[in-house]
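The hints should help you fit chain B onto chain A, whose structure is shown.
The listed protein sequences derive, respectively, from chains A and B.
Once you know that position 23 of the first sequence is 23 in this note's numbering, the rest is easy, because the numbers rise by one and skip nothing.
Once you know that position 97 of the second sequence is 1097 in this note's numbering, the rest is easy, because the numbers rise by one and skip nothing.
The set of hints was computed from the structure by calculation and includes no laboratory data.
Because the structure is a prediction, the values reported are computed rather than measured.
Any given hint might turn out to be false.
Restricting the straight-line Cα-Cα distance to at most 20 Å, the calculated cross-link-like pairs of lysine to any residue (SDA-like) are [to be verified]:
1. A:K64 with B:K1098
2. B:K1098 with A:E59
3. A:K20 with A:T82
4. A:K66 with A:V19
5. A:K41 with B:K1108
6. B:K1098 with A:A2
7. B:K1108 with B:D1082
8. B:K1098 with A:W98
Here are the simulated distance ranges between beta carbons [stated by the list, open to error]:
9. B:K1069 with A:S83: 44 to 54 Å
10. B:K1108 with A:P108: 20 to 30 Å
11. A:Q42 with B:F1092: 21 to 31 Å
12. A:V3 with B:T1103: 24 to 34 Å
13. B:R1045 with A:Q42: 12 to 22 Å
14. B:G1015 with A:I12: 40 to 50 Å
15. A:E52 with B:F1092: 16 to 26 Å
Which chain B residues face chain A? A few, computed with CB under 8 Å, are given here [stated by the list, open to error]:
16. S1041
17. G1043
18. K1098
19. T1100
Ideal placement from N, C-alpha and C gives every residue a C-beta, glycine not left out.
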Amino acid sequence: GAVVSQHPSRVICKSGTSVKIECRSLDFQATTMFWYRQFPKQSLMLMATSNEGSKATYEQGVEKDKFLINHASLTLSTLTVTSAHPEDSSFYICSADWGEYNEQFFGPGTRLTVL
Amino acid sequence: LAKTTQPISMDSYEGQEVNITCSHNNIATNDYITWYQQFPSQGPRFIIQGYKTKVTNEVASLFIPADRKSSTLSLPRVSLSDTAVYYCLVGFTGGGNKLTFGTGTQLKVEL
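The shape of chain A in the complex, shown without the other chains:
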């Protein structure tokens, strides 16, 4: 199956700093990537849809200026959490869409802790 990686797997940062999370499709080109956030004991919540070469589409209630998404190539999308605060601490998961197959492939997730 197709492989999606995320880096870093976990990050701890101080309040007010910015954190960048990378999502890569390793063996296929992903026309669309999705970013999710998951709080403890809760389901995945879609944050935004990222298409290569165009602006991301954010879900209602997600601040686009706080969660910057860049999908510069068909294999890489990045999520930058700007001016992070403790309430941004969460598990961030990306997924990639091959387009030709009716399936999405998920990354292993990134645990963000903001002190």
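Just chain B, lined up with the frame of chain A:
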């Protein structure tokens, strides 16, 4: 997007067959039914997908009745390692279409 309803939790014992049912009354004609498994602090893992009738792979079976308003994931002879959250999703997951996760079912397998 079709809304899905699953039991919040289920308990089972090793070696038993587990059936998790998901209802999706407003499924659309071109929607597929996909099940994912998620372990703590990991991304969801694809289990199985179907459109109608029955689909079987090496880890599970998916039963879909003719009206497609529900589906049942069947896990044969579960083990402790099957303890996880299972999500049923309905929609067309390819071509840039977003997935909406419901609450999922927490399956706990005991000895």
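Self-check item: Contradicted hints - numbers only
Solution: Violated hints: none; all satisfied.
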